[in-house]
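**Q** Sequence:
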Amino acid sequence: MSVSNLQHEQRWPRYVAQARAAGVRSQMAVKLYLGEGTLGGINFYSTSSDDVSDDAQVLARLFATHAAIALGHAQEREAFKEGLQTRKTIGAAIGILMERYEMNEDRAFAFLVRASSHTNIKLRAVAQELVSEANTK
Numbered sequence: 002m003s004v005s006n007l008q009h010e011q012r013w014p015r016y017v018a019q020a021r022a023a024g025v026r027s028q029m030a031v032k033l034y035l036g037e038g039t040l041g042g043i044n045f046y047s048t049s050s051d052d053v054s055d056d057a058q059v060l061a062r063l064f065a066t067h068a069a070i071a072l073g074h075a076q077e078r079e080a081f082k083e084g085l086q087t088r089k090t091i092g093a094a095i096g097i098l099m100e101r102y103e104m105n106e107d108r109a110f111a112f113l114v115r116a117s118s119h120t121n122i123k124l125r126a127v128a129q130e131l132v133s134e135a136n137t138k
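Take the numbering used here: the final residue in the sequence shown is number 138, and no numbers are missing along the way.
Only true hints are included.
The calculated lysine to aspartate or glutamate pairs, modelled on DMTMM-like cross-linking and capped at a C-alpha distance of 25 Å, are:
(1) Lys123 x Glu83
(2) Lys123 x Glu100
(3) Lys32 x Glu10
(4) Lys89 x Glu134
(5) Lys32 x Glu79
(6) Lys123 x Glu77
(7) Lys89 x Glu100
(8) Lys32 x Asp51
(9) Lys89 x Glu106
(10) Lys82 x Glu37
(11) Lys123 x Glu134
(12) Lys123 x Glu106
(13) Lys123 x Glu79
(14) Lys32 x Asp52
(15) Lys82 x Glu134
(16) Lys138 x Glu106
(17) Lys82 x Glu106
(18) Lys123 x Asp107
(19) Lys89 x Glu79
(20) Lys89 x Asp107
(21) Lys138 x Glu103
(22) Lys138 x Glu100
Calculated directly from the structure, the hints in this document are not laboratory data. Remember, predicted model here, so these are calculated numbers, not experimental data.
Could you put together the complete structure from these sequences and hints?
**A** Rendered as structure tokens:
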């Protein structure tokens, strides 16, 4: 979406008054798409031109595409790191149960799953509680 010449824009009177007072003469908003979803948006503002040129719109979409890809990669990396941490915590909890109750790995994992199911608490939270408790001893 682009708005050329904010001076004549009437859809958002309160916003336009504040934007004009800040020196904004035109603006453009571009969604950040990744795959099937929208990650957010980027707003571009001009204090020197009342017009949003076709070239500016093309460049803004190109920038938004690159920004969406970078954000997508950052989200994937964060999810991967979180998954590794969760796996580490669950593994530690399994080890604690194996040692404490002399059970094998499969039984210890099943124990955690049952505890999670019966308490309606996520498995990683059950495991974290067990590990935290063990760390305080």
